[in-house]
Structures are given as C-alpha cells and as structure tokens.
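Residue numbers (our numbering), protein chains in the order written: chain E, 43 to 296; chain B, 40 to 446.
Hints were generated in silico from the structure; no laboratory data involved.
A portion of the hints provided could be inaccurate.
Unchecked claim - List time: in silico BS3-like cross-link candidates among lysine-lysine, alpha-carbon distance up to 25 Å:
hint: 1; chain 1: E; residue 1: K58; chain 2: E; residue 2: K151
hint: 2; chain 1: E; residue 1: K62; chain 2: E; residue 2: K273
hint: 3; chain 1: E; residue 1: K146; chain 2: E; residue 2: K196
hint: 4; chain 1: E; residue 1: K293; chain 2: E; residue 2: K273
hint: 5; chain 1: B; residue 1: K64; chain 2: E; residue 2: K239
hint: 6; chain 1: E; residue 1: K273; chain 2: B; residue 2: K335
hint: 7; chain 1: E; residue 1: K58; chain 2: B; residue 2: K335
hint: 8; chain 1: B; residue 1: K105; chain 2: B; residue 2: K292
hint: 9; chain 1: E; residue 1: K58; chain 2: B; residue 2: K67
hint: 10; chain 1: E; residue 1: K92; chain 2: E; residue 2: K146
hint: 11; chain 1: E; residue 1: K273; chain 2: B; residue 2: K107
hint: 12; chain 1: B; residue 1: K332; chain 2: E; residue 2: K62
hint: 13; chain 1: B; residue 1: K107; chain 2: E; residue 2: K239
What the hints assert, rightly or not - Coverage of chain B stretches by chain E, computed from C-beta distances (three or more under 8 Å per stretch; other residues unrestricted):
hint: 14; stretch: 55-68
hint: 15; stretch: 301-308
C-beta atoms are modelled at their ideal positions from N, C-alpha and C, and glycine is treated no differently.
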Amino acid sequence: MKILVAVKRVPDTTVKLKLKPDGTGVVTDGVNFEVNPFDVIAVEEALRLKEKAGGGEVIVATIGSKDATQQLRHGLAMGADRGILVVNDDDNAIDADVVARTLKAVVAKEQPTLVLVGKQSPDGESNQVPQMLAEHLGWPQATFASKVVVAADKASAEVTREADGGLETLSVRLPAVISADLRLNEPRYASLPGIMKAKAKKIDEFTFESLGVAKAPKVTAVGFFAPPERKAGAVVASVEELVNKLKNEAKVLG
Amino acid sequence: MADVTFGWSEQHLMVRQALRQFMEKELKPIVWDLEDGKVLPYEFARKLANTFGLAELVRGMWARRKEKKAAGDREAAAGEIAAFRDPAMSALLVIEMCRYSPGAALAFGASLGLCGQTILSKGTDDQIERFAIPVLTAEKVGCWGLTEPEAGSDAFSMRTTARLDGDYYILNGSKTLITNAPYADTFVVYARMKSPTPDNAAREAIHAFILERGMPGLSTGQPFKKMGMHASPTGEIFLSDVRVPRANLLGGKEKDPSRDQAVGVLMGERTAMPSMCLGIVERLLDECVRYSKERKQFGRPIAEFQLVQQKIANLFVTREIIEMYVHKMIWMQQNGIKSMKEASAAKLYCGRATVEAGLDAVQVFGGAGYIRDAGVEMMVRDAKLFTIGGGTDEIQIGWIARELLKD
Ligand SMILES: Cc1cc2nc3c(=O)[nH]c(=O)nc-3n(C[C@H](O)[C@H](O)[C@H](O)COP(=O)(O)OP(=O)(O)OC[C@H]3O[C@@H](n4cnc5c(N)ncnc54)[C@H](O)[C@@H]3O)c2cc1C
C-alpha cells in the first residue's frame, strides 16, 4: 500500500511567538521548528497501516524552505521510506489552495492509495488543505479521523471521525484523503537507529514550476497583530455590587 | 536549545531533539518519584533503551560482529564494536538526561557505561554475550566496584582478594559507595590476586571479576541516604568466600591484569563528566532566564537588576566553556587520544563550575530556589558529586601536576 503523508514545518508549539514589529508575520530567528504534531500522528498512522498491510511505501512530502528537510528527516527517522520537498521560500506567499494544488500534482506523480494529513497546523489553524485537496483530486475525504481501518481488498477504508456530539463512522472508497485528529494514535519516538537510517533515505526536490503549479494564492495575509492585553479584573465587596455591575456596567444581566 | 549549535551535525541535532522530547515525556514526570526513591531509575533506563532503539543498536552490533567473526574476518568484527561507540551520541544522551535528572543519568551511566562498556572492551566473547549485552540493552542492571571502605582516593591499595581454588576464584572483601550496587544483577569487582605460588608476581596484581547476584557469599547493603544524586542508588557490596568461576575473570587471562584498564575507566568517567555538567547548566540557565523575567520585585522583573543579570550572564559563560569541553572530549575519543591531564582538567573545571552555577541559580530564585519544587536546589546537590566521584578534585589536580612536571 502506497501512502503519501503531507507534513509541515511549524514553530515549536511550546514556545511563545513574537510578532515582527511591522506586522508582516512572526519572528522566526532563534525559534525551534518541529513537524506539525497532527502530521506526526498522520505519519504514525501511515506506518501502522503499511505494517498491517505487510508492505508498501510511506512517502512524506512537504512544501517549504530547504530547512524543511529537517522535518522530512523526522518523518524518515520515524520510518517513512522517502521524502519529497517542494521548495518554497516564502510561506506568506502561498495559501491553502496553492498547497492543495501542489499536493495534487505530487499525488499525480506518485499515485498513492491514500493521502494522510494532519487535520490542521498549529500556525495557520485554517483546517483547509485536506478538504481542498480531496476536492481538487475528486477523491472522497474523511476528516478528523480517530480510527482508520483499511479493508482487506484495499478498496475502501472505515474511518471513525470525531464530531461535536460524538463519533461518526464513514466508509470511504480508496483512494481517499484522510485527516488525522489528536486521538488517532500515540506516535512513536524517532529512534536512534531510525535517525541513522534516515540519513541515507532519498529526498526528491521539486519546484512549483517543475510540477506545473501556478503559485497564485487566492488569499494573502494582510497583517498580523497580537490580541489586546486583558485588563486587570476588579474585586467586588458584595453580591449586590457584583449583580449591579453585571447589570449596569457589563450589561450581561437583564 | 542554544541559538548557535556549535559542533553538532544535523543528525546530532535530530537525535537531541528526539531525546529532548523523550525526556520531557518520560523522565520529567517521574523526577520527584525518583528523587524520593518511590521508583527506581531502571524501568526508565529500559524504556529509553527500547523505545529509543539503543537496545536494537547493541543487538545489531553484536549479531554483525558474530557473523563477521564466523566468516573469519577478525578485523571487521573488531570494527563493529568500534563503530558502535559513538562518543557524540553518548554525550547527547547524557546531556538530555541530566537536564531533568542527573541521578537517573548517573545510574544509567554506571550500568551501561562503567559496567557494560568495561565488559564490552575487555571481556571475552563469551563474557560479552552473557554479561555485557544484557547490561547494554538495560535488561539487567550493572555496577562497577573499585572503591573500598579503606581504599578511596588510594583505590589500588584495595584489600579485596581473589584466590585460585581449582576452577574457581574465591573472593573476599567489601566495596562501598558503588552506584547501583543495591539493585545490580551484574557486578564488575576489582580484587588483588593472592596466589598459592607467591613467586608469581602477576598474581599479586589487580584483576577484575564479573559477579552475578545470587552467587553464595555475595550480598549488598541498603541504598545510602545521600546529599544528592537521590535518583541513583549507591551502596556496599560484601564478598565472603564468593566462588567465582574462572570463566568470569574479566578478559580471561591471569597474566593480563586490570589495573590499567581500571584507570582507563576512570579516565572515561572524567571524559563523560562535562556532558553531565552541560545538561545541568543548560537547564539552570533556561530556568533562570524564565524565572527572572516572571518574578517581579520593586515593581519590575528581577531580570532588570544588574546583580541578577550578572549571574545569568555568568551562567551562560559557564555553559559556553563546558560545551567546548564537551566537544574536546568527544574529539579526543573520536581520535583515540588518551591523555589523563586533559580529562582531569575537564572534569575539574566543569564539576566546580557547575556547583557554582547551581548556587548562583538558587540565588536568582531566592527563597523559591531553596524549595525543591523550583528544581534548582537538586541540581546543586547532584552536581556536588562531580567534585568527588571519579576521583576528587584534589586527585585531579595531582594528576594534572604530575603529568605536567614529569621529566
Ligand atoms: C554518589 C557516589 C557514587 C559513587 N559511585 C562509585 C562507583 O560506582 N564505583 C566506585 O568504584 N566508586 C564510586 N564512588 C566512590 C568515589 O569514587 C570515591 O568517593 C572517591 O574516589 C573518593 O574516595 P573517598 O570517598 O574514599 O575519599 P578519600 O579518599 O577518603 O578522600 C577524603 C579527602 O581527602 C583528600 N585526599 C585524599 N588523598 C589525597 C591526596 N593524595 N592529596 C590530597 N588530598 C587527598 C580527598 O581529595 C578528599 O578531600 C562513588 C561515590 C559517590 C559519593
């Protein structure tokens, strides 16, 4: 079974980001980068599906600067077989649609049975790429997967999704696009032998031009600003005062 | 991690990031349980060896070596062990462990490093297979016993004896201050060979023996209560007419004593010390930077006071120098350079500097630093071992001066 996993290089989710003074983005100097944690879950799922299927290939692909090779290597260290880097030097110059169309071109080259992606990335949080990609490909999609079972004939997959009120189980025809939710699995650590092997694994590089993708975003970021700082609270002396303030100042009580 | 990643390859940085993640998830949450002795460090060591693939590397190395040896290629077989020793990877492992628990790192290092590597370096193939591999994969716990109640700095004045009796050596004596002794399965113990034929000088020499728990006459004491390194159990070994099979003489040759080998282990211990120190100092620096910006007094963050800034700047300078020592020690090992004065100087400087850095960090935290929750006072107590274990500061100074002043 051939599975393509799209991974994204994102700032370490545990660090506090700072905005550039001119509001054109976040400061990336001195910031550690990692693989989008949802994408790590997608890689893990791909590896497990390959192991269960008793063979196949897991390809990790990313669109990003040359530095994003590190994130591909992380996927390779976990056990993916090879990587694809589509070189893009300015993250703000592309949008989810460009990403989806680029991945479509990669899919056309690789012809995977399944595309697995994280449901969203912690930087943009737009949750659009998997859905757009499925649409561009004309493939079925199952988003927010918390369980994936591929049928023995590999013609379909049963996907449990987390919806607001509970769980929903879908059956999708393969090939399909599936996006991974937090509870899909507990990803493995990249092991020392894995990291050593990753060095020898192949990473192919492409450009938008070589894939025939127009780098024409439909959405551009106009500016970034931090949320206003919260004002200090006030201590009230009595319940009456509180009710009074809620009624007359905050106007949340009638 | 530092902004300037000096001396590490991309692969090293990946290993480091993976280790950092592992330690954050698996070690950080159990630090206080380890500190209180509620959990022992060995389960963690096993998890680290298995999930991080160390055990897989050890088994792979050994399988390939056996294959090559069976094929008659002795050189390639020896090369497998050499290639398996990667000083940079060992350093990274220690650095990242010490960030959260120097005690866990000590227990891990004494088992895999002191015991396991000693058997791997000098043991016969049979000894490696039976004793080193289970310790290097962390299945079994190892310890390395040189120090005795009456022989500390003057280690080779040891009184523990071995006497040949048929197919066995009879060992008598005791060891103390031995890391992991209370829970060890496998013991490397040094003893003075007492010969029934006193004219044979080699037999008065120091030899190392591999002992196993369960051998009649071998017992261990309760873990000591210590100033620091609480996560690492330390204790005594008692040997009373322990019958050790001849096959357990390390290296298997009576004419090849182990004193130089023991000195080599001590040098290795000194060489590894800067890595332990780096993990500690990096953690202290991160904590001090964070806390000094959060903690407000006199209406502003304490980071704005120059006396606090001075300590933080000093911590950084200490970190820088220790890191350079780490890289020098790695470089010496990679190039097979064995020189005690360099190893001793590195240990001497880094140990002292880390204790000082730890005290400064406690100071930056004020009262909170004196309370254990802040996680800095433990680091000072743990670091204090570095001026004692593996040879005291005074002994290091002695080595350095002796080598510098010899003709
Ligand atoms: C937590 C811990 C773990 C340890 N783990 C191990 C282990 O796994 N295996 C092992 O074999 N050992 C281990 N040790 C023992 C350690 O190596 C010894 O404690 C150390 O070598 C010092 O010996 P000593 O304690 O007998 O001190 P002593 O030798 O009694 O020294 C006392 C003081 O006298 C000074 N002194 C001694 N001789 C001289 C001299 N010639 N010139 C100047 N000053 C001198 C010393 O520097 C020191 O200040 C451990 C110790 C500790 C505390």
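(request) Sort out whether K335(B) lies within 25 Å of K58(E), counting only the CA atoms. (result) holds (20 Å)
(message) For a C-alpha distance cap of 25 Å, please report whether K62(E) and K273(E) respect it.
(response) Holds, because 23 Å separates the two Cα atoms, which is no more than 25 Å.
(message) Just to be careful, I want the Cα atoms of K293(E) and K273(E) compared with a cutoff of 25 Å; is the pair within it?
(response) Answer holds: K293(E) to K273(E) is near 17 Å, not above 25 Å.
(message) Can you confirm whether the C-alpha distance between K146(E) and K196(E) stays at or below 25 Å?
(response) It holds: about 21 Å lies between the C-alpha atoms, which stays within 25 Å.
(request) Apply the coverage criterion to the stretch 55-68 of chain B and chain E: a residue qualifies when its Cβ sits closer than 8 Å to a Cβ of the chain, and three qualifying residues are needed. (result) holds (count 4)
(request) Take a quick look at whether K105(B) and K292(B) sit within 25 Å of each other, Cα to Cα. (result) Judged against 25 Å, a Cα distance of about 22 Å means the pair holds.
(message) Under 8 Å between beta-carbons, do enough residues of the stretch 301-308 of chain B, three at least, approach chain E for the coverage claim to hold?
(response) violated (count 0)
(message) Holds or violated: K273(E) and K335(B), Cα atoms, limit 25 Å.
(response) Holds, at roughly 18 Å.
(message) K107(B) and K239(E) were given as a pair; does the straight-line alpha-carbon distance stay at or below 25 Å?
(response) holds (21 Å)
(request) Take a quick look at whether K273(E) and K107(B) sit within 25 Å of each other, Cα to Cα. (result) Violated: K273(E) and K107(B) sit about 71 Å apart, past 25 Å.
(message) Checking one constraint from the list: CA of K58(E) to CA of K151(E), max 25 Å. Satisfied?
(response) Distance of about 38 Å is beyond 25 Å: violated.
(request) With a cut-off of 25 Å on the C-alpha distance, tell me whether K64(B) and K239(E) pass. (result) holds (24 Å)
Hints 1, 11 and 15 from the list above are not met by this structure, while the remaining hints are.
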